[in-house]
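Visitor: Each chain, letter by letter, is given below.
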Amino acid sequence: MPDIRIEATINGRKIARAAKPHQRLIDFLRDDLNLTGNKEGCGAGECGTCSVFVDGVLMKSCLMPVAKAHGATIDTVESLAKTGELSVLQQAFHKAGASQCGYCIPGMVMAATAALRANPFADREEIKERLGGNICRCTGYQKIIDAVELARDVQNGRLPAAALAEEEHAEGDFIGKNVRRIDAPSKVTGRLKYAGDMTMPGMLHVQVLRSPHPHARIVSIDTTAAEVMAGVEGVITAADVPGQDGFGVFVNDQPVMARGKVRYVGEAVAAVAAEDPLTAKRALAAIKVVYEPLPAVFDPFDAMRPGAPVLHDYAPDNITKHIPIRVGDVEKGFAESDLVVEENYSTQAIEHAYLEPEAGLAYVDPDGVVTIVSPSQNITHHRHMLARIIAKPISKVRFIMSPVGGGFGGKEDMIYQGMLALLAMKTQRPVRLVFTREESIASTAKRHPSRTTLRMGLMRDGRINALALKMICDGGAYGLSTEGVMRKAAILGAGPYAIPNVRVDTYGIYTNNTPSGAFRSFGALQTQFATESHLDICAERLGLDPFAIRRINALRDGGMTHTKQKLGKVSLARVLEAAEKASGWEAGAPNSRGGTRGDLDRVDTRPPVSLGARFAGEDKQEAAE
Amino acid sequence: MLICDEYITPSSLADAFAAMTRHRGRYRVVAGCTDTLPWAREGRAGDVEIPVLIDVSRIPELIARRVDDKRVRLGAATPVQRFLDVPELARALPAGPRCAVWFADDQIREQATVGGNIVNASPAADVTPCLIAHDAEVELARSENGAVARRRMSLTDFVQGPGRTALQEGELLTAIECDALPAYGGSFEKVGHRRSLVISVVCLAALVKLDAQGRRVEDARLSIAGIGPKPLRLSEVENFLRGAPLDTGRLEQAAEMPVALVASRTRQEYRRDVVRGFMLRGLVNAAKRAGADPAALSAELETAYA
Ligand SMILES: Cc1cc2nc3c(=O)[nH]c(=O)nc-3n(C[C@H](O)[C@H](O)[C@H](O)COP(=O)(O)OP(=O)(O)OC[C@H]3O[C@@H](n4cnc5c(N)ncnc54)[C@H](O)[C@@H]3O)c2cc1C
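These protein sequences, in sequence, are chains R and C.
Numbered according to our numbering, the first sequence spans residues 1 to 625.
Numbered according to our numbering, the second sequence spans residues 626 to 931.
Taking CB as the label site, the calculated pair distances span:
hint : chain 1 : residue 1 : chain 2 : residue 2 : range
1    : C       : D898      : R       : G584      : 26 to 32 Å
2    : C       : T891      : R       : P293      : 24 to 30 Å
3    : R       : A285      : C       : Q878      : 57 to 63 Å
Derived from the structure by calculation, the hints contain no laboratory data.
Just so it is clear, the structure is predicted and the values come from calculations on it, not from any experiment.
In this text, a Cβ means the ideal position worked out from N, Cα and C, and glycines have one as well.
So here's chain C without its partners, still in its complex pose (with noise of 0.2 Å):
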């Protein structure tokens, strides 16, 4: 049970601030509260007393977007649903409504908020990964002599280990800038015990562009989760296709390339088989999303893997 005394819920960045600066040492940020909740619960923290709970989920600037051919802005509180129903976030995302479908549910989606997930720091978060393959930088802000003075930093920098991220005492994440992507093909590729409200064992975001033929990868972006203990970009793999043909063998090797990255704490046999997998699933999933040429891959690798 998570038990506080006073739940402050400001309408300004500055009145955010200032009650950080007031309740400091005895509060605790929440947006969506989709973690905070089920976290002080017994089994896990417990009944918890944080005698101040700052509810940023109402800040305009944490719930504005700007989304252009180029750049992607969110602000933090954005719920994940948005992934899924704002038509032209999922074309400069095409990975995030895949993501988002695989998220918890309908209904966390609409609370769960993009910036929670990232400063809870699960390894198996499953924004986090979608958002690293588009080079995402996280906006941080806090209050300086009565201004608001902001640093930035990328994501895969930010996130440091389960739990464990950039963020300092005082600091809110404000916003989350990244590529625009519309040209790109995109998949995610989630596994978890059931269907729906599941973590993930293992996620996978892909996201492909093909030349005007579609027979050769101009870009890729990868990033993977809960194979370790955070989310990483396989930049590796990344320059092994870019340039290349798109083609089944080289997909194959690729698809090797990050099996030996998995560094779990338990069942890794069964995580290298479906990073094998989904890096191939991804990739195919993607490439077609992107126009592949039906020539380019063998129809066995289609079936196998669609």
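Just chain R, with the same shape it has in the complex (with noise of 0.2 Å):
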């Protein structure tokens, strides 16, 4: 493959080099420029992480083949503060807070640019608009908006450049005060390294071959022809695992990789260190993996019943966990109660969607300690795992935590660090691996899906006499997190109420679907999901106001929950009256108003969502005209 020639102007400065044909911008910016101030998040022009000025125009990097860049002037993230001062754009975003884990903010900040140089004078919806091409999963935007009305108003002259400066507070003091981040201008600038923007001389790349089949026996697995490869380094499959196999959260039941059979699609069944991505890539269609397809299981009703698939031998019967809860008595409560109201509730699985893919760069160091970089949620564990797995002493193992580009629980699961360790010591060099975003969502946890009966007993006053909850998840193919997830969706399934009689059950079963693990509150969205939408039906039979019937049960100061802890103080009626306040709540039982109701588009909620908020002048004047 001959390499092409690109000339081209990049922050400022001519260059002139070799690449490859099939590079693209992002690729020829990244690995040949080291400018890793352009992120990749998608790869395919979906999230904005990678946007560049081109010829003074922005555009995903992403998208663009490095030969459409020949002749052209590039300007990155990197040439905004050039001389280490931040543009007013970065200040905003510094002062306002805008920068959580920051992956998506060089982008953003480049998509702020490129909005108020397009219109300096743009309102919010514009800017929201205008930075449409954008995806943020930490923060829900508005603090970014918030930072580019600020920086606007700032470059207007409509606000002094003093706004963008840190408010006073007393030294020491900062509970209660807007203090400014004190890792947001290694964000907003691009310079802080994210574990896939990393190198190390002599690094290799990694690929992982994975499984087509959602659950097959693996009859073999011939690597000869990958591993004599011109350029691959090492091939490993979990022949090379040299200590005990296994990791998970709460039960070591995953494989480093796939081991005697696979159980979900995507799955890691082999892995290869090579020169460049494509070679490594090009070794894996060289690996030969003889698979006997099993019968398979996608829905754990099914898992549930009697002769299904079986996953794990110490499971048969494919319950990865069960959390029971009782209190009172369940069926006298209901015996007593004035109304019993029984309803199901589902809930999907759901991806994180971090914008950082997994990344990991592993080596082994002078002394002989296999380190491991990544933006693991859980390094000290991961380090006691893999220490088993790679039958090293604990003081030969390290995790080094890189910056997060958004966890959100997605990250706590050891799932590619330990093919990391393996091609390290195989290779005896730097290796990294970078997913794609495919490759996240294909093999790494979910939330898990839900589907919840849930049976409440009332007195005609709305107290609630009774709960029987029972919640059966897909775990999918490995346990993860599942049992810790199971038993926060029980211990809080009941909400924050007073219930004399309480029954819970929370069932984690395995599927062949792709696992469940953490997701952010962890089990409590499903079933609260569950309660709270039962209590809004139940408070409509009773003629109740939702906010009534959750005043009635709700836990005081001192009271106790139903896994018997005693409460200090409890602020579920500040938080009520806070929800009721700012949602300029209408009173009344939910049926009560028939087909309008009065706390809907008011001055202060938000208008439902509209494009097209650069035309509103020319709307305008039509009106007029």
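Quick one: dock chain against chain with the hints and give me the complex.
Guide: Written out as structure tokens, the structure is:
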């Protein structure tokens, strides 16, 4: 493959370099010029972490073959604060607290720069519209948009430059104060290195072969053709694990790479370290795996039936974890209630979609310490597990936590660090693995999909007398955090309410779906979605206001939860009051209003999504004409 | 991953055809690459090895454009963003800016080309229905005995179904020609799962021309996508509206007419509701922008579909 020649002006400097014809501009900027402020979040134009100016026009560098950059002037996020002085926008992002994990932020700063160049007076709606090509998963966008408005006003002289400075507060006085994040400058400039941005001399690139089957026995794996390919430095399978294989947050049921059988589509089967990613990819294609497909099960209810395919020998009933809670006498409670309501609720699998796909760098240091740098949310536990897996004393295993470009629970699992360790040991060279977005979605944990049956007995005055909740969750092929998620779902399932008779059962079930794991709120969302929806339905049946029914049942200071935890202070009353006020709630039972209600479309409620803010002037003019 | 051995950026149509002849059977044409690069990823085509990519986005003829009060000629490699930021184009194609603003995002529109959108032939393409409403024709060129041979056909005939067009081996889409309709009011309605970066579930281009009093429909142009294998022109509805008074009842009847055309593979019921709503909203918006007499339409209709 002959190289092509790229001459361009990049961040004010002329460059003339060879490139591969298949490289994209993002590859060229990151891999060849080390301009790693341009992140790759999706590789498909969806997220905007890679936005750069090409001849003054903002574009997504993941959608651009490098040949298109020939003769162009390119400015990356690194050009905005070249001398170290942050641009007004970067300062505004710092001031407004617009950066959290920071992975989307270089792209956001670029999009905001483009927006204010296009219209220095853009209003909030137009700013939103112009930032539409950039995704953030931490902030909910509000602070980002606040920052752009702040920068706009400073640039236009409507606010003094001092508005960008940190608010004054006494030394050491932080609580209740607006304190700027100390890591924000490193993020708004793109200087911060995430694992996928890091390189080491002699570093190899890792690619992973993944299962195309949901459930299959591995008859054989033949890696010989891959191993002899030029540029391939190491190939590993489960056979390369020297110690006791298996990881998980609660049960160590997941091997570093499939051992004997695969249990979900996307499970790692083998991995290759090579001089470049393309060679590693080609080596994957040369690995021959013979599978014998097994019957698979995709629904937790099916998985619980006798005779269902069994995923793990240790759990012949496919139950990963059952958490039961019993308080009082629920059946008696129902019998004594004025109203008994039963409903079913379900929630779906959800992907965390942190902007930073999983990535890690591993090496064996001069003292023989196997070192893994990755955005792991659980490095201490990972270190212990890895020591056992690679049969080394804990002193010879080191985990370094790189900046986490969004985790939300999804980076708690040691999904790929084991492979990195094995390849670093096998090749004795630094190795790096960077997931594609597709790989991240296919192979890592999701929020547990759930189905809940909820039965509630109430008295006419609104008091809850009894609650029975049974939730079945699809835990997918491996345990990951399922046990903890079921536990928390059960503990919080009856809500912050004083209920004398409670029966809660939560089940995490093995299926051949992508494993479920930790995800913000860790199980509480699923059961509370059921409980809170149910309360609204019960309020309607009793002719009560939804706030009122919650107040009647709220736990109070000194109250006891259904897991016998004595509470000091309970803030529920304050929370309800604040929510009621902020929403402009119109009191009454849910069905008291008929088709219209007065608490929608108020001046301070957010209008529905629309596009065309930049035509607003035109439309007004049309109206006037 | 899209893997190629050679990436050629011809600077003239002749060079492009020379490269296409030289690499016959081993090349693929690209323009903005915004369909091609995401296509070559896991879950879709996966890793694709194409020996030669021929990038037509720098051929002067393909980025030229000509606009007057009657006709528009757009080079096939015109980026979609030009619908928004070239005032003469926005005037000639009144639904164009509204179509563009719903298309991907500001950044992708700078790269995504009109020709790429047409040749990609997605059932949910946004630009295609917008141009169909302008009676667009495509111009196709090929190299024949060293000369450039051209042919033309209507855009409606050119797009045949999902991913299928009348483009032949060795042919390039060079230009799109269509009516300039500066006297029309235009609207573009689109719904997808989110606001930006979203493929249409349904989209509708509506153009309306009214008499001087803003009370009678002189002409209407409607094209819809996302409801079947290819974008459709709604000629029957146009005939029903042409010459008729602009009134709520008539628009409501017109809005019912294409509901039966929904033939998508999924979510038909939802799409039927959307079609009805979009027809009303599209027609009301277009009529308002064409200078409708405020008394012509009921206030209820206007607020419901503004
Ligand atoms: C994140 C994202 C969001 C998107 N949003 C939208 C959207 O909202 N609406 C929408 O309609 N589309 C959308 N798209 C799809 C895409 O951007 C458009 O279809 C675009 O117009 C394709 O043009 P291109 O030049 O980039 O195509 P390319 O990828 O370069 O080409 C597409 C196809 O057309 C062929 N081709 C291109 N030019 C010619 C020519 N002159 N002659 C012959 N063949 C040619 C190519 O061979 C290829 O088969 C989106 C894409 C992405 C990645």
